[in-house]
Amino acid sequence: MEKKIAIRARNISKTFHISEDSHNTVKHRLFNLFNPPRDKCVEAVKMMDFEINQGECVGLIGANGSGKSTLIRLLAGVYPTDTGSVDINGTTLLMNLGVGMSHELTARENIYVSASVLGMKIKDVDAIFDKIVGFAELEEFIDTKIKYFSSGMVARLGFSIAVNAGASIMFLDEIFAVGDMKFQEKAIKVFESSWIEGKTVILVSHSIDVIKRYCSRTAYMKHGVLVYLGVTEKAVDMYLKDNQ
Amino acid sequence: MIIGNILKDWTSRSNKYERLWLLAKIEFKLRYYENKLGLFWALLKPIMDMCIYYVAFKIILKSDVPAFASYLFIGLVVWNFFVESTTGTIQLLHVKKYLYEYSNMNKLEIYISTLFSNSIGFLFNIIMFFLFYHLFEPQSSPISLYNCWIVVLFINLFILSLGISLILSNVYIIAKDINQVWMVVTAFLFFLSPIFYKLTTFKKALPSFEYGNPLAGIIINARKVMMETTAPDFRLLAFDFGYSILLLVTGLLLLNKLGAKAAEKL
Numbered sequence: 001m002e003k004k005i006a007i008r009a010r011n012i013s014k015t016f017h018i019s020e021d022s023h024n025t026v027k028h029r030l031f032n033l034f035n036p037p038r039d040k041c042v043e044a045v046k047m048m049d050f051e052i053n054q055g056e057c058v059g060l061i062g063a064n065g066s067g068k069s070t071l072i073r074l075l076a077g078v079y080p081t082d083t084g085s086v087d088i089n090g091t092t093l094l095m096n097l098g099v100g101m102s103h104e105l106t107a108r109e110n111i112y113v114s115a116s117v118l119g120m121k122i123k124d125v126d127a128i129f130d131k132i133v134g135f136a137e138l139e140e141f142i143d144t145k146i147k148y149f150s151s152g153m154v155a156r157l158g159f160s161i162a163v164n165a166g167a168s169i170m171f172l173d174e175i176f177a178v179g180d181m182k183f184q185e186k187a188i189k190v191f192e193s194s195w196i197e198g199k200t201v202i203l204v205s206h207s208i209d210v211i212k213r214y215c216s217r218t219a220y221m222k223h224g225v226l227v228y229l230g231v232t233e234k235a236v237d238m239y240l241k242d243n244q
Numbered sequence: 001m002i003i004g005n006i007l008k009d010w011t012s013r014s015n016k017y018e019r020l021w022l023l024a025k026i027e028f029k030l031r032y033y034e035n036k037l038g039l040f041w042a043l044l045k046p047i048m049d050m051c052i053y054y055v056a057f058k059i060i061l062k063s064d065v066p067a068f069a070s071y072l073f074i075g076l077v078v079w080n081f082f083v084e085s086t087t088g089t090i091q092l093l094h095v096k097k098y099l100y101e102y103s104n105m106n107k108l109e110i111y112i113s114t115l116f117s118n119s120i121g122f123l124f125n126i127i128m129f130f131l132f133y134h135l136f137e138p139q140s141s142p143i144s145l146y147n148c149w150i151v152v153l154f155i156n157l158f159i160l161s162l163g164i165s166l167i168l169s170n171v172y173i174i175a176k177d178i179n180q181v182w183m184v185v186t187a188f189l190f191f192l193s194p195i196f197y198k199l200t201t202f203k204k205a206l207p208s209f210e211y212g213n214p215l216a217g218i219i220i221n222a223r224k225v226m227m228e229t230t231a232p233d234f235r236l237l238a239f240d241f242g243y244s245i246l247l248l249v250t251g252l253l254l255l256n257k258l259g260a261k262a263a264e265k266l
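Chains A and V, in that order, give the protein sequences.
Count the first sequence with this note's numbering and you get residues 1 to 244, in order.
Count the second sequence with this note's numbering and you get residues 1 to 266, in order.
Note that these hints are calculated values from the structure, not bench results.
Every residue gets a Cβ at the ideal spot worked out from N, C-alpha and C, and that includes glycine.
It is possible that part of the hints are untrue.
[What the hints assert, rightly or not] Derived pair list, reagent style DSS-like, types lysine-lysine, alpha-carbon separation capped at 27 Å:
id	chain 1	residue 1	chain 2	residue 2
1	V	K16	A	K199
2	V	K107	V	K257
3	A	K123	V	K16
4	A	K182	A	K199
5	V	K97	A	K123
6	V	K29	A	K147
7	A	K4	V	K16
8	A	K222	A	K40
9	A	K234	A	K212
10	A	K121	V	K25
11	V	K265	A	K147
[To be verified] From the structure, some residues in chain V lie toward chain A, with a derived Cβ separation under 10 Å:
id	residue
12	K97
13	Y98
14	M105
15	V171
Start from the sequences, fold in the hints, and give me the full structure.
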């Protein structure tokens with residue numbers, strides 16, 4: 001059976017132009033018409049091509065600053081690419097320390113907004129609402145604005161929304177660092193259950209154990225270059241060898 | 001191609017319309033229900049403005065415009081919607097970043113939902129105007145089918161505000177002080193629109209200018225259909241729709257070019 005493609009990246013690259021002078025006002029731009037700002041170029045992601053199939057769990061490893069976070073933002077459609085294109089087949093959710101939530105809204109409102117952004121209908125959110133709240137252990141604070149929450153509570157809520165409402169393509173950036181030990185155990189249990197079945201997951205982690213346990217294929221990045229994408233064991237070996 | 005993609009996206013079956021309504025409701029609640037006076041604020045603003053201009057122009061300057069309070073009221077309702085939807089949305093991509101920085105949500109939905117929220121306030125104000133005009137204005141005309149034209153005029157005002165909102169908030173990504181520039185422009189626009197002037201004085205001083213200022217055209221036509229109970233000036237209406245669509249297309253192009261970089265620049 002032919003596998004369906006979830007993400008197809010063709011010749012993508014991303015360079016950040018970090019301006020040393022801030023010409024971000026009309027006044028600055030007018031007074032410095034003939035004195036363009038000096039740019040420092042950082043090639044965060046260098047030209048690469050690859051495909052990720054639907055239902056795959058792909059690991060992404062590399063040292064700090066190797067371009068992992070930029071790459072998942074490009075793939076999630078949050079950042080535009082400089083060259084090439086990314087074809088995304090489904091809804092995407094990027095999750096690092098939280099998912100997109102407004103601190104001005106209550107937990108209830110955030111659940112409805114986030115789930116709706118992920119493509120769920122209101123009646124479907126109604127059906128899983130109690131599950132989301134129960135998993136996040138926030139029953140008593142459901143109508144409290146999340147600006148009054150502790151950072152752990154916000155992270156738990158974000159994780160719970162992602163787990164229960166989830167998009168078809170999930171980018172998980174160091175998610176096992178969320179919450180206290182009890183919550184981390186719970187998060188791992190969810191991951192080990194059937195939750196990821198049918199979902200496409202791109203898992204960014206510095207924990208080699210996590211990558212080895214869940215990912216069938218792994219990408220190894222170094223200085224913005226995709227050095228290898230294939231068998232997890234081989235990618236991990238290359239990563240460990242480079243970091244010795 | 002961009003317009004084609006947008007049309008395809010908005011006609012596909014999804015939870016998009018439900019989501020727009022949800023976001024609009026939350027925005028409306030945040031704006032009004034967090035204050036002590038609640039929804040009353042939506043009405044209080046044009047009434048307070050109306051009192052100020054009434055004192056200045058009717059009592060002090062002895063303006064001879066008939067039904068002057070209603071004349072002001074409808075002008076200010078249109079003006080306030082325009083200002084709230086343009087000045088009030090310059091930092092929209094910054095304030096609502098949480099909606100698109102973790103997913104591939106279409107940014108245009110953020111604009112539409114915010115303007116929907118403003119539309120609830122507009123609807124409330126137009127009902128208040130209608131009641132005020134027919135219950136308290138001694139020189140009022142009877143209710144007529146021509147009043148229904150206000151819906152068409154509102155669509156025109158919505159497209160105009162959306163276009164300008166898109167342009168301003170996307171320029172904001174690269175030039176933060178567009179805020180101050182726009183405040184000067186709106187102050188100028190306020191005095192170049194026939195909000196409190198008598199229409200004949202306005203037309204005499206600035207001949208044909210109502211064709212150059214789309215907001216002036218909308219205000220003039222709103223008074224025609226709601227107060228004079230006549231058909232709108234169709235030539236003016238065509239001009240205003242032309243301007244609005246042109247601004248909307250410019251705004252969409254900017255959203256596609258500059259807005260795409262909002263997550264990394266803001």
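Hint compliance check: list the failing hint numbers for this structure, sorted ascending. none
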